[in-house]
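Kindly generate the complete structure, drawing on both the sequences and the hints.
If you read the protein sequences in the order shown, they are chains A and B. Sequential numbering of the first sequence, starting at 1, is according to our numbering. Sequential numbering of the second sequence, starting at 1, is according to our numbering.
In short, the hints are calculated from the structure, not lab data. Among the clues, some could well be false.
Below, a list of computed lysine-lysine pairs in the DSSO-like style, where the Cα atoms sit at most 30 Å apart [as the list claims (entries may be wrong)]:
id, chain 1, residue 1, chain 2, residue 2
1, A, K133, A, K56
2, B, K201, A, K56
3, B, K201, B, K316
4, A, K117, B, K58
5, B, K6, B, K142
6, B, K201, B, K310
7, A, K133, B, K316
8, B, K14, A, K9
9, B, K142, B, K201
10, A, K117, A, K9
11, B, K142, A, K56
12, B, K221, B, K201
13, A, K133, B, K310
14, B, K142, B, K8
15, B, K221, B, K316
16, B, K221, B, K142
17, B, K142, B, K14
Sample of chain A residues lacking proximity to chain B, with all beta carbon distances greater than 12 Å (derived) [claimed, not checked]:
id, residue
18, I34
19, A40
20, H66
Virtual Cβ for every residue (Gly too), placed ideally from N, Cα, C.
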Amino acid sequence: MSTHATNPKIGYDQLSVGQENEAVVVENLTRTQIVQYAGASGDFNPIHHDETFATKAAGYPSVFAHGMLTMGLTGKMLTDWLGDGVLRDFGVRFVSQVWPGDTLTARGTVVSIGEPKDGECAVEIELVTRNQKGRPVVTGSATASLPARV
Amino acid sequence: MATDAKRKAELEEKLRDWVGADAGSCPAPDVVNGQMIRHWCAVMGDSNPVYQDAEAAKNSIHGGIVAPPAMMNAWTMPPFVPPWDDLAAEATDGEQELHQLFEQYGYTGVVGTDHDMEIRRYLRLGDEITASKVVEAISEEKPTPLGLGYFIDVRWIFRDQNDEEVGSLLFRTMRYQPAQEAMPVSSAAVSSVPTRLPPPKGHDNAWWWEGIDRGELLIQKCSACGVLRHPPRPMCGECQSLDWEPEASAGSGTVYSFTVLHHPQVPGYEYPLVVGLIELDEGTRIVANVVGCEPGELQIGLVVEAHIEKVEGGMKLPFFRPAR
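See below:
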């Protein structure tokens with residue numbers, strides 16, 4: 001397995017407002033991955049996997065990814081950065097569709113660090129995930145509860 | 001496709017009863033399990049061992065395998081029932097009924113717009129999750145780039161086998177009347193992207209647009225007091241005279257103010273879209289897009305010059321560019 005820490009990976013005192021973390025969360029997204037997500041999530045809306053339905057009936061240029069797939073990929077950037085078990089709130093807006101072939105880069109920016117309470121601070125993160133053209137596909141925010149330096 | 005006012009009132013009457021209504025409950029078909037976690041992590045490319053490696057997870061703060069938090073609603077997703085199956089009719093819950101109501105009134109389009117998830121605790125193997133759904137809010141009808149639509153907020157509350165709340169999800173979808181019927185083939189669908197709306201040309205302003213079509217930027221000048229005004233209107237705001245004459249502008253000016261639009265993105269425009277309020281050297285102001293420079297380079301006071309350019313659909317518009 002990988003070398004992921006299995007605890008909070010960073011303390012609130014190791015973060016500062018304005019600090020950023022960026023990660024490429026998927027490269028050249030394939031239709032197969034979209035179908036894989038349909039199976040993994042149970043979301044079988046045909047607009048995400050049936051090319052004929054998506055183009056001829058719904059009028060889109062092709063199938064496109066589930067919003068929750070992009071949300072999950074964005075979440076991977078967060079948990080890889082901050083650690084496990086620390087997320088308290090995670091909200092996104094689907095601002096643009098994600099198409100097969102897209103490469104997505106997720107970025108989190110620390111916007112505030114709360115007062116310590118029971119040894120932990122609520123850290124607010126602003127999120128934006130962009131495609132290879134730099135266009136935001138998901139924007140949002142997350143709150144993580146982090147201890148001091150770990 | 002337009003729903004007349006009476007139908008709309010009828011729909012909104014019915015919608016009022018839906019706000020706060022129970023939208024059904026979804027018991028997870030399976031307990032939280034390693035197989036579903038494995039499929040989910042495979043798509044995400046997430047190799048975090050607390051999701052899949054029992055030994056590593058045991059030594060973590062969780063003390064055992066947990067499910068990825070963003071996977072919360074995958075557990076309670078109702079099983080897919082093919083529409084030709086007899087079970088399909090029986091499987092209808094409150095949320096689906098609400099969507100059917102919108103369909104009956106012509107709001108056939110649907111798109112998910114927001115997910116807001118609250119995580120009380122991470123789920124562990126063997127947890128039995130049930131989601132109960134409540135319609136939290138339905139917006140007024142709003143114009144959107146896709147068409148007229150309503151935003152529906154459904155709150156999913158996830159509880160475990162001990163009836164403890166483990167998290168919640170606010171899922172916002174929009175039901176809309178597609179602005180136009182879907183195109184029959186994909187190539188046509190691509191070319192059906194709307195362009196800029198042509199300007200309304202009427203008795204009081206058509207002369208100005210005709211000037212633009214000839215390549216002239218005109219300003220309206222009061223014949224009585226000489227004050228310039230823009231956009232065109234019948235009466236002088238200074239002396240109330242109805243007499244006016246057009247005067248040609250040299251097209252040079254300075255940026256008096258500007259804004260950069262990122263969202264919402266209306267079809268037909270390129271974003272970020274720079275909208276400038278330009279003070280013409282002749283002494284009145286005009287709103288127009290500023291092009292030819294990065295939004296970050298734009299400053300109040302920047303000297304700009306007008307260019308009349310053709311945009312999609314053959315329409316001509318004045319744009320301003322930084323002066324050389």
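Hints, one by one, checked against the model:
| no. | hint | in the structure |
| --- | --- | --- |
| 1 | A:K133 to A:K56 | holds (26 Å) |
| 2 | B:K201 to A:K56 | violated (36 Å) |
| 3 | B:K201 to B:K316 | holds (13 Å) |
| 4 | A:K117 to B:K58 | holds (27 Å) |
| 5 | B:K6 to B:K142 | holds (17 Å) |
| 6 | B:K201 to B:K310 | holds (17 Å) |
| 7 | A:K133 to B:K316 | holds (28 Å) |
| 8 | B:K14 to A:K9 | violated (50 Å) |
| 9 | B:K142 to B:K201 | holds (26 Å) |
| 10 | A:K117 to A:K9 | holds (19 Å) |
| 11 | B:K142 to A:K56 | holds (27 Å) |
| 12 | B:K221 to B:K201 | holds (19 Å) |
| 13 | A:K133 to B:K310 | holds (26 Å) |
| 14 | B:K142 to B:K8 | holds (13 Å) |
| 15 | B:K221 to B:K316 | holds (23 Å) |
| 16 | B:K221 to B:K142 | violated (39 Å) |
| 17 | B:K142 to B:K14 | holds (17 Å) |
| 18 | I34 | violated (9 Å) |
| 19 | A40 | violated (4 Å) |
| 20 | H66 | violated (8 Å) |
Of the numbered hints listed earlier, those contradicted by the structure are 2, 8, 16, 18, 19 and 20.
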